[in-house]
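**Q** Listed here are the chains, written in short residue letters.
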Amino acid sequence: MSETYDFLFKFLVIGSAGTGKSCLLHQFIENKFKQDSNHTIGVEFGSRVVNVGGKTVKLQIWDTAGQERFRSVTRSYYRGAAGALLVYDITSRETYNALTNWLTDARTLASPNIVIILCGNKKDLDADREVTFLEASRFAQENELMFLETSALTGENVEEGFLKCARTILNKIESGELDPERMGSGIQYGDASLRQLRQPRGSAAQNKQQCNC
Amino acid sequence: MMERAMEQLNVQLNRLTRSLRRARTVELPEDNETAVYTLMPMVMADQHRSVSELLLNSKFDVNYAFGRVKRSLLHIAANCGSVECLVLLLKRGANPNYQDISGCTPLHLAARNGQKKCMGRLLEYNADVNICNNEGLTAIHWLAVNGRTELLHDLVQHVSNVDVEDAMGQTALHVACQNGHKTTVLCLLDSGADINRPNVSGATPLYFACSHGQRDTAQILLLRGAKYLPDKNGVTPLDLCVQGGYGETCEILIQHHGRLFQTLIQMTQNDDLKENMLRQVLEHVSQQNDSNYQRILTSLAEVATTNGHKLLSLSSNYEAQMKSLLRIVRLFCHVFRLGPSSPNTGIDLGYNGNKTPRSQVFKPLELLWHSLDEWLVLISTELDRKCGDTDSSPGSDIASLILKQREADPSIVADTPDLLSSSLDPETPEAYVDGQDVISMTANRLSAVIQAFYMCCSCQMPQGMTSPRFIEFVCKQDEVLKCFVTRNPKIIFNHFHFLLECPELMSRFMHIIKGQPFKDRCEWFYEHLLAGQPDSDMVHRPVSENDILLIHRESIFRSSCEVVSKFTNEKLKQGIAVRFHGEEGMGQGVVREWFDILSNEIINPDYALFTQSADGTTFQPNSNSSVNPDHLNYFRFAGQILGLALYHRQLVNIYFTRSFYKHILGIPVNYQDVSSIDPEYAKNLQWILDNDISDLGLELTFSVETDVFGAMEEVPLKPGGSGIQVTQDNKDEYVQLVTELRMTRAIQPQINAFLQGFHTFIPPSLIQLFDEYELELLLSGMPEIDVLDWKRNTEYTSGFDLEEPVIQWFWEVVDGLTQEERVLLLQFVTGSSRVPHGGFAFLMGGSGLQKFTIAAVPYTSNLLPTSSTCINMLKLPEYPSKDVLRDRLLVALHCGSYGYTMA
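Chains P and B supply the protein sequences, listed in that same order.
Residue numbers for the first sequence follow the numbering used here, beginning at -17 and rising by one.
Residue numbers for the second sequence follow the numbering used here, beginning at 59 and rising by one.
Think of the hints as simulated: they come from the structure by calculation, not from any bench.
Among the hints, a few may not be true.
Said to hold, decoys possible - Straight line, CA to CA, 25 Å or less: simulated DSS-like cross-link-like pairs of lysine-lysine:
1) B:LYS290 - P:LYS40
2) B:LYS909 - B:LYS849
3) P:LYS37 - P:LYS146
4) P:LYS37 - B:LYS290
5) B:LYS444 - B:LYS548
6) P:LYS40 - P:LYS16
7) B:LYS285 - P:LYS37
8) B:LYS540 - B:LYS444
9) B:LYS577 - B:LYS381
10) B:LYS117 - B:LYS128
11) P:LYS40 - B:LYS381
12) P:LYS146 - P:LYS14
As the list claims (entries may be wrong) - Distance ranges between label pairs, derived from CB positions:
13) P:GLU112 - B:GLN574: 54 to 60 Å
14) B:HIS428 - P:THR114: 35 to 41 Å
15) P:THR114 - B:LYS285: 53 to 59 Å
16) B:LYS909 - P:ARG53: 56 to 62 Å
17) B:GLY316 - P:SER54: 36 to 42 Å
18) B:ASN291 - P:LYS14: 29 to 35 Å
19) P:VAL31 - B:LYS128: 55 to 61 Å
20) P:LYS154 - B:LYS285: 28 to 34 Å
21) B:LYS285 - P:VAL31: 23 to 29 Å
22) P:GLU142 - B:GLY316: 31 to 37 Å
23) P:THR114 - B:CYS533: 50 to 56 Å
24) B:GLU585 - P:GLU112: 57 to 63 Å
25) P:SER54 - B:ASN810: 49 to 55 Å
26) P:GLU142 - B:LYS540: 45 to 51 Å
Ideal Cβ placement from N, Cα and C applies to all residues, glycine included.
Okay, chain P solo, but in the shape it has when bound (with noise of 0.2 Å):
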């Protein structure tokens, strides 16, 4: 039988190729790093179910390919999207430099709504640092983004990215701010409200035969 679950979110991860969009999904599924991670070709996908505030809520992830020539593709998906990671590397200027074309991408394509978190990754990386923490959260104040500093490989903060996001969305939907009703809100409800599990799983049903001579 399906998943049980009250809410459905889809999530994007943007950023410039190379960022480490990929190990961040696959360290917040697997709770593992990806070793050998090639370039992602066009849009991968991932989802988890997590509690947020006392709710079960299925994070449906799409992973982006960070590589120019797939930018056509990738745009296709940010339809429907109700929050986005928008990732750089803090060892690259250049990525960081390119969040404003993403997230002109992210404001024009997705809804309006579109909860977004900037995530500075490779925070393990330190002593290569070419953005500090403090250039970081000035641009993320500048463009109402939440803002983290994560690192794939240690795990450090990627779980509370994809789920500050998430709370962000429910607190929304909680304040009526969105409607999950809305087409292409990025938001379903699951049917977990109506089911109200009693008893631990046991044997199998079985219909008892009734005579009837």
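Fit chain B to the given chain P structure using the hints.
**A** Just chain B now, with coordinates in the frame of chain P:
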């Protein structure tokens, strides 16, 4: 003393007369066991006077239990509804709560059989309604099972706990719900039954109602506030409704719990559920009202879109995701085609603000088609880049080398790019390899999405028409699609089904398709031909006698023609069963024989329908067949029979000329085809073409003389042809026209009629997958019988094996048979004189492949071999010598290969 004796005599006499008058004993035997069997039939017939009479003055124990189940007479009375006897027994002290071996009281039995009066009386005599039998069932369970509401109403007042559980934790309400007894359910609920009570596996009354699709009962429960609860395994009432295809019950559930609608839609992704059940449910729910219709379609479109995108993610499971997508799209298209419940409001009402136009439901899918477009553009860019790189071919070799190394050992990657990047320009090797990967990794996935796109496009079109949008799409993506199928031709067979439905698109891919193995095309052909035909099993027993083709053997052609014309094409497609008049045999073998003999009859010269080719081995329509005024109808029939045979993978006993196969395929004929009917004439045509005819003085014009039953007629090859001279310059046209006249024009009406019949079973677009040689193979099988192949594909049972002398002799004898005798032997055992293409390994039996089998039979003098054609089995007696074997076999072949009896 005397008086006393007289009195006794009188009593005895009295007894005697009474006994004689009633034809039975009037005194009960002393012993209970004998007595009870005297009483039982009387109790059953409620002969209470007799019973009362017998019981009077007798010492019989009314509670005496007897028989296998140890029931008392009170049980019997309650069971049979013998009220008077029941009362009598109760009065005489019978225990109303006596339990038989299964724990049933008389009240249980009365309740089970709905004996209202008996129940009433038992209750008067203080029968206990709360007694459970060994399975925990009480009287109210029995009443609830059978929906005896009236009785239940009476009984329930005496019941202390209406929720009493049986051994499975089931209450009366459970069983009433399961069986959908509405009034019973209401009565129980009014009596305070717990509406949400679970049984041992957690199943509630609503769960039971849903498990059997009891729509009204579910409605009652939900109106009375039943909770929507899953069982202990998490199976919900909705799951049960969908599994059973109970659309109406689903609808009720959704009415009460709006969110179940989304759950239902999500269930389309669940691979465990049967598609036809889901289809039934969605069909029903969508037909309730227009808003349901729109909602289902829009939601399905959304799910399909998400699924399609998942399919395009390379880490997803291709097989599972592809199947899921195609399934959802199939469901979507099915519901869309049904149209909204009120068709008038479904027509485009875009101007009316409240109504959405019907085609709006496709909107969510546009996102997927957009992604598909973007992907194809990307692939096309990759292709262009690859073309630009073709000069630096050593580069691609190195690149693929790196790819291999990388797969073998990831650690190398770190060094190699640096090493090689200097020697490669302009692309780095990694990007290049990546580019190749993109195409090969996505081709299958994109093709599946294209298939879904085609399905969605065509469900908006009238049947048989291709959507202009899709045609435009294919034309635009021509290059990419061709690249896909050249790299992986399987894609055509797996996903490009649209080709079979759009001849205009097929022509673009024909050269690639024709290059694929015959076997693959065959599979594709049949897969498509039989699509939507649930039961393609030929030998499934027909439901009624009316479904059997009853054929007269002596007038096989005419009677077959009559019988077949009475059947609809749909029926014939579902399967054929043939029986010959006056014979018992039926099954695969008889069907095969019918096709075999019938096809022989079709080419029988007496009907003048077909003429032989020059060498006498092949046939084509007779240009003079009009001697038979009904000839075109017969040609249509011949076409039908051949089409039907092909449809059911049966072989026929006709070989046609090359040119006629070409006609069936719609391929133009050429002058070389003439040689099959007139080799000499073909040589002459060849000669005209090869030599300069300017100065020969042939005095040919564009006309020919034809012999029509002895009278010569001049036929012009083109308008005014008899006045146009054939010259060196126009001789090519002359040869072509004369070929068409001989091969086509002369028999055009016959060909047309034949094809009309043929196409009722085989669509023209499908048959063109084959060339004329393959068509012959498909229709008629292999002409030669290969004994070695035969021997290789033969099995032995009942004690025989290859080493057995009898078997050795058998094959030696077969080796020595003529080709015709081998055909006879094959027909004797399999019912058909043909070997299927592919050889004996593909011999078909009643249920799929069935090899030629030889079984041992004990030998008695003069015993002949016999056969079971359905299972291709030869029953060979264990002959004492090779000569006897040969002798008996030949006798059987020459005398006994026709006709069936049940052995």
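**Q** Could you run down the list of hints and mark each one as holding or not?
**A** Do the hints match the structure? See the list:
1. With a C-alpha separation of about 23 Å, the suggested pair B:LYS290 and P:LYS40 falls inside the 25 Å cut-off, and the hint holds.
2. A C-alpha spacing of about 11 Å is found between B:LYS909 and B:LYS849, which places the hinted pair at or below 25 Å, so the restraint holds.
3. Proximity of P:LYS37 to P:LYS146 is assessed by CA-CA distance (about 14 Å); at most 25 Å being required, the pair is judged to hold.
4. Proximity of P:LYS37 to B:LYS290 is assessed by CA-CA distance (about 22 Å); at most 25 Å being required, the pair is judged to hold.
5. At most 25 Å may separate the alpha-carbon atoms for a hinted pair to count; B:LYS444 and B:LYS548 meet this at roughly 23 Å.
6. Distance restraint check for P:LYS40 and P:LYS16: the Cα-Cα separation of roughly 23 Å lies within the 25 Å cut-off, and the hinted pair is therefore satisfied.
7. Distance restraint check for B:LYS285 and P:LYS37: the Cα-Cα separation of roughly 21 Å lies within the 25 Å cut-off, and the hinted pair is therefore satisfied.
8. A C-alpha spacing of about 15 Å is found between B:LYS540 and B:LYS444, which places the hinted pair at or below 25 Å, so the restraint holds.
9. For the hint linking B:LYS577 to B:LYS381, the alpha-carbon distance of about 24 Å falls within 25 Å, and the restraint holds.
10. For the hint pairing B:LYS117 with B:LYS128, the CA-to-CA distance comes to about 20 Å; that is within 25 Å, so the pair holds.
11. With a CA separation close to 23 Å, the supplied pair P:LYS40 and B:LYS381 stays within the 25 Å bound.
12. About 20 Å separates the Cα atoms of P:LYS146 and P:LYS14, which keeps this hinted pair within 25 Å; it holds.
13. Between P:GLU112 and B:GLN574 the C-beta distance comes to about 56 Å, which sits within the given range of 54 to 60 Å.
14. As the Cβ distance of B:HIS428 to P:THR114 is approximately 39 Å, the hint placing it in 35 to 41 Å holds.
15. Separated by about 57 Å at the C-beta atoms, P:THR114 and B:LYS285 satisfy the suggested range of 53 to 59 Å.
16. Evaluation of the 56 to 62 Å hint for B:LYS909 and P:ARG53 yields a pass: the beta carbon distance comes to about 59 Å.
17. In this structure the hint that B:GLY316 and P:SER54 lie 36 to 42 Å apart at CB holds, the actual value being about 39 Å.
18. In this structure, B:ASN291 and P:LYS14 meet the distance hint of 29 to 35 Å, their C-beta atoms being roughly 32 Å apart.
19. Here the CB-CB span from P:VAL31 to B:LYS128 is close to 58 Å, well matched to the stated 55 to 61 Å.
20. Taken as a hint, the range 28 to 34 Å holds for the pair P:LYS154 and B:LYS285, whose Cβ atoms sit roughly 31 Å apart.
21. Taking the beta carbon of each, B:LYS285 and P:VAL31 are about 24 Å apart, inside 23 to 29 Å as hinted.
22. Distance hint check: the CB atoms of P:GLU142 and B:GLY316 are about 35 Å apart, consistent with the given range 31 to 37 Å.
23. Taken as a hint, the range 50 to 56 Å holds for the pair P:THR114 and B:CYS533, whose Cβ atoms sit roughly 54 Å apart.
24. Distance hint check: the CB atoms of B:GLU585 and P:GLU112 are about 59 Å apart, consistent with the given range 57 to 63 Å.
25. Checked against the hint of 49 to 55 Å, the pair P:SER54 and B:ASN810 passes, with Cβ atoms roughly 52 Å apart.
26. Distance hint for P:GLU142 and B:LYS540: a CB-CB separation of about 49 Å, consistent with the stated range 45 to 51 Å.
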